Structures are given as structure tokens and as C-alpha cells.
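Number of protein chains: 2
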Amino acid sequence: MDELILKGEKAKKASYKLANLSSLIKDDALKKMSELLIKEKAKILEANAIDVQNAVDRGIKGALIDRLTLNEKRIAAMAEGLLQIAALPDPVGEVVSMWKRPNGLQIGQKRVPIGVVGMIYEARPNVTVDAAGLCIKSGNAVILRGGSEAINSNKAIISVIDTALAEAGMPEGTVQLIEDTSRETVARMMKLNKYIDVLIPRGGEGLINSVVQNSTVPVIQTGTGNCHVYVDGDADLDMAERIIVNAKTSRPGVCNAAETMLVDEAVAQEFLPKVLKTLQGLNVEIRGCERTRAIYSDCLPAAEEDWDKEYLDYILAVKVVGGIDEAIDHINRHGTKHSEAIVTTNYNKAQRFLNEIDAAAVYVNASTRFTDGGEFGFGAEIGISNQKLHARGPVGLKELTTIKYIIYGEGQIR
Amino acid sequence: MDELILKGEKAKKASYKLANLSSLIKDDALKKMSELLIKEKAKILEANAIDVQNAVDRGIKGALIDRLTLNEKRIAAMAEGLLQIAALPDPVGEVVSMWKRPNGLQIGQKRVPIGVVGMIYEARPNVTVDAAGLCIKSGNAVILRGGSEAINSNKAIISVIDTALAEAGMPEGTVQLIEDTSRETVARMMKLNKYIDVLIPRGGEGLINSVVQNSTVPVIQTGTGNCHVYVDGDADLDMAERIIVNAKTSRPGVCNAAETMLVDEAVAQEFLPKVLKTLQGLNVEIRGCERTRAIYSDCLPAAEEDWDKEYLDYILAVKVVGGIDEAIDHINRHGTKHSEAIVTTNYNKAQRFLNEIDAAAVYVNASTRFTDGGEFGFGAEIGISNQKLHARGPVGLKELTTIKYIIYGEGQIR
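Protein sequence lines correspond, in order, to chains A and B. Take 993 as the starting number for the first sequence in this note's numbering and just add one per residue. Take 993 as the starting number for the second sequence in this note's numbering and just add one per residue.
Bound conformation, chain A alone (with noise of 0.2 Å):
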């Protein structure tokens, strides 16, 4: 039999006996998982070695092979991910509500695993590790598939893996990596729906285009952030400043970081000339449309695709608008429904934002950067959807689960 069906099948048993496991041992297994990671780190990083050395001889280089090198640090950082993991509270089990119909029938939601989650991901080795603490912990039996260039490096964990979770006494199958990292067998994997519940693609653009483009599994999609700040007439400019400075600059190479600044005509004459030169001397390059230019002639012209970029890079499309409806309407035109800002001070126009703007995220006065499973409160998190369906923002343990409706009767017949 081929590997897939093999640790599909696998897999699927396993969902059944994790979605009753106690979170006594689930947290255990986490716990030695982190213990052994930092044990094992020798052998870890003497694979991914292996796998830098592969990717430069290839030609790779740059933000790819920075991506895909362990160090101590990193190491370190994935153990205590797992520790994070394990101290939050089990979202298993959980009866969200339960109500009583006229004919006696007691009707409760209650909170289980999705079952199996397929996971197809590029060369952050650690991914696995992230990915394996979160099923881990939401009950999920998790089947991953790491880029080619990552395949040394998360052989070496997912060996460790293995040796944590035999010892906690977990499920077998829990936790799998495929090894063929053919194309052919990333096809196949998409159209798996009699093993995998859902996939959950993690990586550029070009990779959740074709998961989508390409699975018959249900996907929740991660995405692309065309984030934007919208300057308000009635804006405390000096919050504002603060505001796109942190969004732009704070972290420019992540989906939540902002791509377009938006600025009310009413305070562009006052607030465009301070605030470019101030992120220009943050090293971001500014691509200004012709109303922002004649005030500010010292950018680069915006053409009409760049308020359709993610450049995720030290680059910000600046346009002066007419005011609030043309910003709504540019946003909800141009956006990705991922994180979206305005600054004001006026009421009215921060409730209009938060009702019309069609985001995940809707923000009145505060970064776009805080859309994150850790800054929401929810401790971890697998990406940020920007879908509509099942999860929508940062995808975290709840997100990870579904419900089931347990019906208690007393004979009852229809």
C-alpha cells in the first residue's frame, strides 16, 4: 500500500482514540516532546544542515535558507512553543450550550476535534513542531507535508516526535510526516477527503492558490494581508503617525504588517509631508497617487496595481482619498479581508468603519499588527484566515475544533 493511504489510514484511527484522550496526556506529550527537542538538538540540526547545505548548492539563497536554518535559538523557541501549548486550557469537550426542546430532548453542542488535519507547508522546519503541539492539543491526528528542502531537517523531528509521543502513550499515528515530497503525492494528498477533515495550507501566495485552486478536502485558507491604515479627517495625527509607522516598519515581511496608507483629503496637506519623511528615514519607500505626490513630490508614482500588492517589504502605497466612503469602498475593493485600520476621533465614522468594512479584523485607533493568535488572547496560533467560513482571523486551538450535537432522550419519536 502507498504511504499515503497508509498514514491516512493510520491516522484516522488515531483521531478516534485522541478525540477521548484526557488532557493529562496530551500535555504530557507535549511536555516530552519539548524535553526531547532540546535533547535531540545535536541530531536536529546535523540534518538541517544537511538540508542548507543541499539548498545553497541549488543556488538557493537569501530569506529562503533563513527560513529554513535551525540554530540553538530556534530550537529553543519551538521547545518553549510546546510548553506555551501545554499550559493553555483543552478546548475538548466543552459544551458550548444545551437547551431543552417542548418533547423533553436535552440538545447540547459540544466542542471535539476535527478529526484528521492535513498540513502542506513549505521549508520552515518549524512548522512541524507548531503544527504537531497544536493538533496535538485540540485532539487532531495531523498528517504534514514539508517542502523537499526542509525533508532532512523534519525527518530528524519527527523522529523525536515519535520518541516523546510513544513514551507519553499516545495514540499511534498521531502525528506523521510524509516523506515523498513529489508533487504527484501533494496531489493526491488534496484529494484525500476519506482521511483528511480539513487542510491547512501555510506559505506564499503561490502555495494556497493551489490548495485551493486544487483540494477537494474543505481548506482553511491563510493569507495574504493587503492591510490598510485609513487617515481619518478627524484623526489625532499624531496617534496616526505612531499608528502607520508601526504597521508599515514593525515587521514589514508578515500579512498583518500594512500596504496602503489611506489619508483623508481634509488633513492630507498637513499630515503627508511629516509622516513620509518620517518612514522615508525608516528606510520605506513610498508610492504616492498624484494627489499625494503634488503635496509630497518626493515619491515614486503609485500605478493601479500597487493598491493590489502585498509587498510585504519597506514599501507603502500612499493615496489621499475624499473621505470615508471612498476609503470603505477602496478597501473593501482592494483588500484581502485580513486587518484593516482607521484612525479618527469621530464616533460616527468609527462605527461606520467597524459595520462596513468586509475584514477579519476591523480596527478603530490601534496597528493592524496585533492580529495574532498571541495578541488576541488565544495563546498560539496555526495562521490567519482570511476566509469566511469555519475560522475566520487567527486560527487557534478553537478553531482547531468543531462541534457535535449530543442529544439526550427518553424515547422520544417523531
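Hints should not be assumed to be uniformly reliable.
A pair holds if it fits inside one copy or across any two, identical chains being indistinguishable in the list.
Claimed, not checked - Taking lysine to aspartate or glutamate and the EDC-like style, the derived pairs with C-alpha atoms no more than 20 Å apart in a straight line are: (1) Lys1186 with Glu1348; (2) Lys1053 with Asp1172; (3) Lys1065 with Asp1049; (4) Lys1004 with Asp1300; (5) Lys1031 with Asp994; (6) Lys1301 with Glu1318; (7) Lys1005 with Glu1348; (8) Lys1002 with Asp1058.
These are computed hints drawn from the structure, not numbers from a lab. Bear in mind the structure is a predicted one, so any value in this text is a computation, not a measurement.
Given the coordinates of chain A, assemble chain B onto it according to the supplied hints.
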């Protein structure tokens, strides 16, 4: 521009307006639709007669003709259904939870419409009205694609809905029918991610599988129910008989009807002859396993495939099992994760069944037939989901919404 893109754009535009429409206007629209359906029933029946005649001319008969046919009573039921939806509470706008973070950010989860719902269904014209009603109430725009058999009926109904919605001041594009019923157009509709947020197929297994297999738009899978009743060794056998009779015969053609009965070997000898005779007296064909036939020979033998069949008919597969372990294993292997019931007086076995069965609705001592939006107290439903993501079980108004995070800040940066 072609019909699909044009209607997609209109629906998307309408969805932004609908998201913030007051319940008063939506309920008024539903009431006007209800009134006008009755007032214009002659026109609708006339159009329906053409569809029925066309179907008959093409040699279609039986159940399909019945599903296609409207009459005064059915139109009255559709109109009444809309009034019931109007009377339900509006799910939109509820802030499900809100909390404050240590940095002072106030984060709330607010219930909002999904956006644009696409419905793909077959010959039943009443789905046109039901789906429109549920989508309007939940603040969603809807694009309807009914079967070609019902096109004249659907056009007549849509023209009535259009008039009612215009009178009520609803946004243009709230409810639209795809008039081109070609296969090519429905295939393109399944890839219309830019405009459609969720697809809900309603109909036979073939239709649903085709949408699941081909759609890149997220799908809420309403589905097949291969439901089981397990009669435990500790069951009250009179109750067990009432429950299986109800689950099998009260309406065999629906998804929550039982298809297989599992009987604990401890009571098989006592229970089977009586209950199988009763069922046969109600015209139920029995397909028994070998052990069943050893006890009660007056029935057909069950083939291996019978355990996986959704008969939707007066047929019941019957299997003697060694106890609760085998019952749970059989159900998790052959069930479609819809509705499953145990009949028992034993506390431990009731708990095990509730915990270990993987299905949308798990019953102790009640008929599987209760899995229904009305019976659960949701008031109305657009179908019953047996997928795990987003909505599981009856899909009512709440399940037609999603959440968005609304975040109130005071200048917080990260």
C-alpha cells in the same frame, strides 16, 4: 458581459448594503414576498404547469414530477415559511463575546453575514423561496441556480420576489436567478471565488459530489445520511421498537431516517423476531446479516454493500453485533457522520456512544429523525451539513453567518 459575472458583481455590491440593513426592513421584505406569492399564485402555477408538461413530454415521471409540481397548498406553505423566518430573531450584529487585553485593546467577535451565498439545486421550486428567505434574513445576497426542469417556475417566482424586494426597498441584486441552466455555466459558478463566498448544493448525491469535487468556492456539504440505530443489550426493548419504527418508517425518503439497525447479540434472540415482524407489517424490506437470518429467516440476506447504502426507502439493513465496541466501530466505519442513535438504560454505554461516535448528531434513547432545524429549535434550515467545518448538523440562520473581529483601541501599537 456575461450573466454570471454581471450577477456576481451585483450580488457582491448588494451584500455590502445587506450586511448593515435593519431587521425591520428585512422582515418587511419577507412579509411582502409572502403576500405577493399568494397574490400571484396563478402566474406561478401557470409557469409551473409548463415545466411539468415539459418534463412529462421528456418521459420524466414519479418522484421527480412530484418534486417539481406546485399547487395552491405548496405555495401557501412557501408563503407561510417566509412568515416564520420573519418571526425569527435576526442573527446579525450579535457580539458573541468581547474581552479586554492587558494593553487595553477591547476585542469583540461580531456575527456578520457571510456575504454572497450560491445555491445549486435541482427540480424543487420551493428551494428558490426557502433559500431566498433564509439568505435575506441572515443578511446575505444569494445567487440561485435551480435545475433546468424548473426554470419557468423559478423565473415566475423570482419575478414575484423582485417586485416584493423593490417595494420593501431592498438592495438590487439581493436575490438573483441564473437563467442559463447549462452545465458550462454551473461549472463556472463553482469557480466564482471572486463573487461567491460559499456554495450550498441541495439535491441528490450526484449533485453534491459534483460540487464538492469541482468547486473552488468553499462548500457547505449537505448530505447523505446512512443513519444507524443501535439496540444495546441493556435497552428497554419496547422503547427500542418504537424508536426504530419511527426512525425507519415515519419518512423514509429523508436524510435523518435510519438505514441500518444494529442489535446487541445479548438481546437479538428476544428482540429481532418481534421487531422485524412489526417492520415488515409496515412494508419494510429487511436485509439481515447471517446471524439475523439464523434468528429470523423470513428476510433477505444483506450483502457487504448494504452497510454503506442510504436506501431512502422502505428497506432496513439489520446486523447482530457483539456489543457496543463492535457497534461503535461499525458506525464510524460505515456511517456518513449524520445522525446515530443508541437505545440503552446503561449509563456507561450511553456516555461511550456519545463520546466515541463521530457524527453531527448523536442520540441516546431518541429517534434519529429529530436532526432538523425546526426540531432543534432553530426555526428553519437550509439543509443538514455532515461536513465538519463551519456548520455541522442543521444549517439555520446562525450557520449562514460568520464572525468578524472588531477592535477598539486608543492608539495601541505593537
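For this session: Mind listing which of the numbered hints don't hold for this structure, in increasing order?
Result: Of the numbered hints, 2, 3, 5 and 8 do not hold.
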